[in-house]
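Listed below, chain by chain, are the residues.
2 protein chains.
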Amino acid sequence: MKVCKFGGTSLASAEQMQKVANIVMSDAERKIVVVSAPGKRFKEDTKVTDLLIALGDKALANEDVTDALQRVVSRYEQIANDLNLSKDVVNIIKDDLLSRLATKEEGEQKFSDLIKASGEDNNAKLFSYYLQSLGVDANYVDPKEAGLFVSKDYGNAQVLPEAYDHLYELRNRKGILIFPGFFGYTPDGELVTFSRGGSDITGSIVASAVDAELYENFTDVDSVFVANPNVVEDPVEIEELTYREMRELSYAGFSVFHDEALIPAFKKGVPVCIKNTNNPTAKGTMIVNERNYLINPIIGIASESGFSTIYVRKYLMNREVGFGRHLLEIIEDEGLSYEHMPSGIDDTSIILKGDQLTPEMEERIVARIKEDLDVDDVHVEHDFAMVMIVGEGMKEMVGIAAKATEALANVGVNIYMINQGSSEVSIVFGIIDADADKAVQELYNNFFVETKDPVA
Amino acid sequence: MKVCKFGGTSLASAEQMQKVANIVMSDAERKIVVVSAPGKRFKEDTKVTDLLIALGDKALANEDVTDALQRVVSRYEQIANDLNLSKDVVNIIKDDLLSRLATKEEGEQKFSDLIKASGEDNNAKLFSYYLQSLGVDANYVDPKEAGLFVSKDYGNAQVLPEAYDHLYELRNRKGILIFPGFFGYTPDGELVTFSRGGSDITGSIVASAVDAELYENFTDVDSVFVANPNVVEDPVEIEELTYREMRELSYAGFSVFHDEALIPAFKKGVPVCIKNTNNPTAKGTMIVNERNYLINPIIGIASESGFSTIYVRKYLMNREVGFGRHLLEIIEDEGLSYEHMPSGIDDTSIILKGDQLTPEMEERIVARIKEDLDVDDVHVEHDFAMVMIVGEGMKEMVGIAAKATEALANVGVNIYMINQGSSEVSIVFGIIDADADKAVQELYNNFFVETKDPVA
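For the record, the sequence lines run as chains A and B.
Here our numbering is used: the first residue of the first sequence is 1283, the next is one more, and so on.
Here our numbering is used: the first residue of the second sequence is 1283, the next is one more, and so on.
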């Protein structure tokens, strides 16, 4: 049994829905289909989820919602028309939206989640209706009735353990099941959404719960690439990578996957395949537990800009038991999360996302570190990029760091920080923002250019 | 005005004392001479300080001290005889020791410091007596009378700020001043020693206090080498390096200098010269505030064995505010000090000296981390070496990391950790112990072999 999830662009129009229907019907193992809300049809288009947020905001501001509501309904209406479906389904969707809008007084966050979630919910109904019109035994699944129970954290629901047992029962249902992504219900029946992009989370939870042989995540790219196509021209495709590699890559500049989405599949060991709705015969990228690391010890190069560093120097710092802990306490106290803490003998740097800092906060932190820790020097520097090479194979291979640092030296990039933990899934280089693109390009040249074959 | 300090081997015998006298008399700027206790004359010899520790232990155990006392007195006696000095000075030393031994009841730590400090104190008297016998206007200085005030931390005295003002007055005294190293007095007159090797500290304090133009530290090597001569054959000499570079090197395997010794000189900016008593015309090694980094961005390669690593992995670790702080709290709580904490996205390693850990402690720490932090994996690994390349010039130079990692790859050394902070005085490579020597040798080959000129 396979669970497939289709993203917003895969379900944005009648034409896209036809592709999805063909994909679903072409493989009898595709039993459960998790759907997103209709996404963008073209670059300047607006996603239905964003239309819904605007509609909810207007309602809460007690403004007239007629136009905003019509914009949402029109999207479904156009798909239904183009698919030659009866007007009934559009009326069902419109009534559903009106009944949601009527609950405005029950609380802002609750209302907001309810409105947002309608995007996926109604699209699931529409798609199910469409499949039925093709003679397919398709059935919309209500997440409440199926028991997708979550915590009551509006906009950031966490799945509850019992949900997995409930959802396991989906295996026994007949036909193809159309499951709306993005939301679940508290045990007392209140709708709560996952964090944004949460249809990936739904798919991963359902795939894990029914013990799927494969979780197919359909999007609009043929595969994950070893480097950002906006930086490197026509980069090599990744055939297979591990959960941990995907996680490191998605962290730094690879936006294919929602960070948390993989957890349920990862914990259950369900393999994930990223495929293209517009080119379903392309092999896609497999995300697995283990791969053969010998062929390609390195699987990808990621880069992210906008880091700052808080540099602290104190003679004999390393003799002071508790220095690092005290420093991190100040960082935590200011509500900051940090990425790395490389250290020398007498100095240490805290590397963190720069957008967390304001000039006032910087001044206060510097003053606190100076005062509490009696340091010789403390200052903040900005505009660093973290460039990361990722691959589980580097652990067993000699010379990876040499190859990477040689690439950076080749193009005159100065390295301000290197961080390689004992896990060796990645090496991180801190360089200045302005050097990031040429660093990624040259790392790509050094690690991937000879082959040009898809890597696995 | 120069302050010179002579180590134990420089004052271990009459022959050595003659060399020191010649050095002192050959330069009229050498005004203040800080002396250690007599050290080893040959490999199997025992330092006077160690004889004194044995003597003190015997006294505290209420055993007969006659032999132990005689062994100490004999060392001074032989030097006095060989220098044709009168027996008076030996009697003065013997009486001094007897009067110290008589204070046994005043407290163990106090007594122990008093006995140990006699090694330097009596050697200063003896050397002063010898210089006088040569017609030199030499004067022993009593640190109490001169005002070298320290905190009452037995065996680990910290200099008090007022000491610098008192000692400044030494500038106005006549003749050559012979100052015993290793100890000072609390403001209420109690003798307390510095940590072991503390004559370097005395020299550095005095040089700073009198605002010396140079602090000469005489030992038994011509200079500091860029790598350990026990690993690399006939390594290049260092002509000049900075305080920070010396500090990083002395931390990891370079035992030339006592860690804390440089602080006073460093804070005042007094340059330090390391010279050889047995070859005083050799240029020695200068330790300065700034050097020209362009010629030799790297100044040395150090290595230390016996590190362990506590590896921790948890999915989405980096999202958990306070994770690093909490982890370090456990480490601190167990009384451990750590060296580095490299981190990936979902994992982090604590690298620390392995001799701090017992199997029971390891088990307890692993259990605590598992329980308190709910991690996916935590385990301890042993037998790592930290190899460090040091040089303030690497900050401005592209390609240093490439050159270093290339060297390690050349000889098949796998890198388990790289740590380079934003200060860039050093890069640390974590490798397995067994690879340390070949790593140092090849790094030496890559960075220093072309030149073979002394580096600065």
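Don't read these hints as lab results, they were simulated from the structure.
One thing to keep in mind: the hints can contain errors.
Since the list can't tell identical chains apart, any single copy or any two copies may satisfy a pair.
[What the hints assert, rightly or not] BS3-like mimics (lysine-lysine), calculated; alpha carbons at most 30 angstroms apart, straight line: (1) Lys1407 / Lys1652; (2) Lys1720 / Lys1426; (3) Lys1456 / Lys1369; (4) Lys1685 / Lys1720; (5) Lys1652 / Lys1340; (6) Lys1407 / Lys1635; (7) Lys1549 / Lys1652; (8) Lys1456 / Lys1720; (9) Lys1325 / Lys1685; (10) Lys1392 / Lys1284; (11) Lys1301 / Lys1434; (12) Lys1549 / Lys1376; (13) Lys1434 / Lys1652; (14) Lys1635 / Lys1456.
This one's a predicted model, so the numbers in the text were calculated from it and none came from an experiment.
Okay, the hints, checked on the actual structure:
Taking CA atoms no more than 30 angstroms apart as the test, Lys1407 paired with Lys1652 passes in neither setting, with 60 angstroms inside one copy and 44 angstroms between copies. In the homo-oligomer, the alpha carbons of Lys1720 and Lys1426 never lie at most 30 angstroms apart, since the shortest distance is 50 angstroms inside one protomer and 64 angstroms across protomers. For the identical chains of this complex, Lys1456 and Lys1369 are intra-copy neighbours only, at 27 angstroms inside a copy versus 111 angstroms across copies, given an alpha-carbon limit of 30 angstroms. For a Cα distance limit of 30 angstroms, the shortest separation of Lys1685 from Lys1720 qualifies both inside one copy, at 15 angstroms, and across copies, at 20 angstroms.
Proximity of Lys1652 to Lys1340 under the C-alpha cut-off of 30 angstroms is found in neither arrangement, the shortest distances being 48 angstroms within a copy and 48 angstroms between copies. When the C-alpha separation of Lys1407 and Lys1635 is checked against a cutoff of 30 angstroms, the pair qualifies neither within a copy, at 41 angstroms, nor between copies, at 61 angstroms. For a Cα distance limit of 30 angstroms, the shortest separation of Lys1549 from Lys1652 across copies, 17 angstroms, qualifies, whereas the shortest one inside one copy, 44 angstroms, does not. In this assembly of identical chains, Lys1456 and Lys1720 lie within 30 angstroms of each other by CA distance neither inside one copy nor across copies; the values are 54 angstroms within and 66 angstroms between.
In this homomeric assembly, Lys1325 and Lys1685 never come within 30 angstroms of each other (Cα to Cα): the closest approach is 39 angstroms inside a single copy and 46 angstroms across copies. Proximity of Lys1392 and Lys1284 under a CA criterion of 30 angstroms is satisfied in neither setting, with 33 angstroms inside one chain copy and 78 angstroms between copies. In the homo-oligomer, the alpha carbons of Lys1301 and Lys1434 never lie at most 30 angstroms apart, since the shortest distance is 36 angstroms inside one protomer and 83 angstroms across protomers. Proximity of Lys1549 to Lys1376 under the C-alpha cut-off of 30 angstroms is found in neither arrangement, the shortest distances being 39 angstroms within a copy and 76 angstroms between copies.
In this assembly of identical chains, Lys1434 and Lys1652 lie within 30 angstroms of each other by CA distance solely across copies; the values are 27 angstroms between and 42 angstroms within a copy. Taking the shortest alpha-carbon separations for Lys1635 and Lys1456, neither the intra-copy value of 49 angstroms nor the inter-copy value of 61 angstroms comes in at or below 30 angstroms.
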